[in-house]
Amino acid sequence: MTSKRSGWIFPVLAGILILAFLGDLLFGSVRLSFKDFSDVLLGKSDNQNMDYIIWSLRLPKAITAILAGSGLALCGLLMQTLFRNPLAGPFVLGISSGASLGVALLVMASSWFGGNALVQALPYGHWGMVIAAMAGALAVMLFVILVSVRVADSVSILIIGMMFGSATGAIVSLLQYFSDPDTVKSFLVWTFGDISAVTAPHLKLLTPLVIAGIFAGLILRKPLNALLLGENHARVIGVNVKRSRIVIILITSLLTGAITAFTGPIAFVGVAVPHLARAILRTSDHRRLTPATLMCGAIIMLICDILAQLPASNQVLPINTVTAIFGAPVVIWVVLRNRRGRTPVES
Amino acid sequence: MNRPEPDIIVLESHDLAIGYPYAGSSPLILARDLHLTMERGQVIGLLGPNGSGKSTLLRTLAGLQPTISGLVKVMGQTIRSNQVRQTARMLSVVLTDRIDVRNLTVFQLVSMGRYPYTDWLGRAGSNDHDRIRTALEQVRLQSYSNRFFNELSDGEQQRTLLAKALVQDTPLIILDEPTAHLDLPNRISIMRLLRTLADETGKSILFSTHDLDLAIHTADHLWLLQKGGVLLKGTPAELMAGEAFENTFRTGTDEADQNIVSDYFRSLKKRSLEE
Chain A
1 MTSKRSGWIF PVLAGILILA FLGDLLFGSV RLSFKDFSDV LLGKSDNQNM
51 DYIIWSLRLP KAITAILAGS GLALCGLLMQ TLFRNPLAGP FVLGISSGAS
101 LGVALLVMAS SWFGGNALVQ ALPYGHWGMV IAAMAGALAV MLFVILVSVR
151 VADSVSILII GMMFGSATGA IVSLLQYFSD PDTVKSFLVW TFGDISAVTA
201 PHLKLLTPLV IAGIFAGLIL RKPLNALLLG ENHARVIGVN VKRSRIVIIL
251 ITSLLTGAIT AFTGPIAFVG VAVPHLARAI LRTSDHRRLT PATLMCGAII
301 MLICDILAQL PASNQVLPIN TVTAIFGAPV VIWVVLRNRR GRTPVES
Chain P
1 MNRPEPDIIV LESHDLAIGY PYAGSSPLIL ARDLHLTMER GQVIGLLGPN
51 GSGKSTLLRT LAGLQPTISG LVKVMGQTIR SNQVRQTARM LSVVLTDRID
101 VRNLTVFQLV SMGRYPYTDW LGRAGSNDHD RIRTALEQVR LQSYSNRFFN
151 ELSDGEQQRT LLAKALVQDT PLIILDEPTA HLDLPNRISI MRLLRTLADE
201 TGKSILFSTH DLDLAIHTAD HLWLLQKGGV LLKGTPAELM AGEAFENTFR
251 TGTDEADQNI VSDYFRSLKK RSLEE
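Note that the protein sequences, when read in sequence, are chains A and P. In this text, residue positions in the first sequence follow the numbering used here: the first is 1, and each later residue adds one. In this text, residue positions in the second sequence follow the numbering used here: the first is 1, and each later residue adds one.
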């Protein structure tokens, strides 16, 4: 019954994940020789700069890549299954729009009241940004959950979420329209997404949130499988559809809100990675699909972060552009290849 | 047909009214005062014109939507629309909603029927595996375990869903138009399968259909639901003796249409008498 491919896929994914993690520590704007690198990892290095680069800069960034990649990918999977829509992703509920409204309000309002000096004084990734983004995400999340308790069907929630996202996006545009170019730029930079802004103190909050969300997502695998069939089919085999739906939305909002608050809105990963995982495993069974999606999400984010450093200068590409430019062709290739190679009969 | 212990009441409804409640205004009631009973091993066909409320009745009996008033009991336990878990152990439902999932095998889909019994991950144990295999044999899909559900024909899909209902291990199976979209051989095959399953397993089977001919030959009893909420009950023979079918289905206003319906039932009755 279970596919023969499943046996080696998870060990291979785990291997790639470890390699990508080490790679993300090794590559960066400062070149490290392999010996320096291994010395630092083994604690034999006496070069304090190297120690600082690895442990204080690159390690938090790599951990953030894993948390953000796996968390967003999981949210994408949850939304795609809940709405039975392959285009759904973590942002369909308008959570990221809420976060960006929070940040836009902070950046632009502070420029009106305190002049540009205040904005400059807000270092990028500062707690102020994080709190503003979280407040925005939380506001949208409460709204979406209020709606999902009242509304009887998922499609209405999807539509309301998207409408709310559009309205919030429009308010952000208005704020930009009435702001000076410098302020707009500091907001735009936030929207590009940045995982290097997340530092060790940030991780103390982000890590438990993401781990809790992932844990909850793993517990939900049984009802998720039932929801694949459609809400009515799920009901008749004993799924409390409404309760499952609220829990799924709660987890997605929490994960997306927390991650977006710290890293900015990272597009693409959430929508694409579940498709990648489905194509690799050739299954819709969440018991295997969920862990595979988590691992693929982490791998993709780590690799994208390595690629973002590739110019090998002090310039680092915005992570959002890398995920889409390098990730999209990979996913298209995998999906196409998989479709052609499908052999339905193996009984 | 030797059905054991035919006196066990599997399904009963008391003063049941079905329809749709509207917030703030009076509800739309499709039928009221329904007193229905189903015995163990019985096959009942629910017939009626479009819009008479067949699906609403089935959905209400299955606990998929709340009753307007009255109550439904399965094996003596009241069905409540907000207790999906308990309901799933008392009755299983085969719906017409299309299932559109890629990469889902027949075995995986049928194993979903074990949902009320499996652990938190939904893993099927060896007992579940045995039941799934038996059900696949019963619907004659034993060699289809690893086929993908979305690549099956409509008839095979319907049989797969029936197997899913079987492994749910409930005394009552409700099917909403199980023969819709099927060709004649498949319609006959599904109906015969329902009959055989009821006789061999003692499950009670309630189905709705527009295949009058097949229902008459398959079911022990028919429920004819008329527009306006009147429900006529009886064996096919009893109902054929009177004008029940004509009164139920001659709903159009066009006189020519009505005459054709009358002619159809005349020939149907003649054929049944000859057999």
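None of these hints come from the bench; they were simulated from the model. Here the structure is a predicted model, which means the values were calculated and not measured. Check each hint, because a few of them may be wrong.
Unchecked claim - FRET-style restraints, in silico, Cβ to Cβ: (1) P/23 - A/7: 50 to 60 Å; (2) A/318 - P/151: 38 to 48 Å; (3) A/163 - P/96: 54 to 64 Å.
What the hints assert, rightly or not - Beyond 10 Å from chain P on every Cβ pair, some chain A residues (computed): (4) 33; (5) 57; (6) 131; (7) 192; (8) 226; (9) 241; (10) 325.
Yeah, the Cβ is synthetic: ideal placement off N, Cα and C, and Gly gets one too.
Hint check:
1. P/23 - A/7: 50 to 60 Å: Given about 54 Å between the Cβ atoms, the range holds.
2. A/318 - P/151: 38 to 48 Å: 42 Å, holds
3. A/163 - P/96: 54 to 64 Å: 31 Å, violated
4. 33: Holds, since 46 Å exceeds 10 Å.
5. 57: 39 Å, holds
6. 131: 36 Å, holds
7. 192: Nearest chain P Cβ is 34 Å from residue 192 of chain A, so the label holds.
8. 226: 6 Å, violated
9. 241: Non-interface label on residue 241 of chain A violated, nearest chain P Cβ at 8 Å vs cutoff 10 Å.
10. 325: At roughly 28 Å from the nearest Cβ of chain P, residue 325 of chain A sits farther out than 10 Å, so the non-interface label holds.
Comparing the model with each earlier hint shows violations of hints 3, 8, 9; every other hint is respected.
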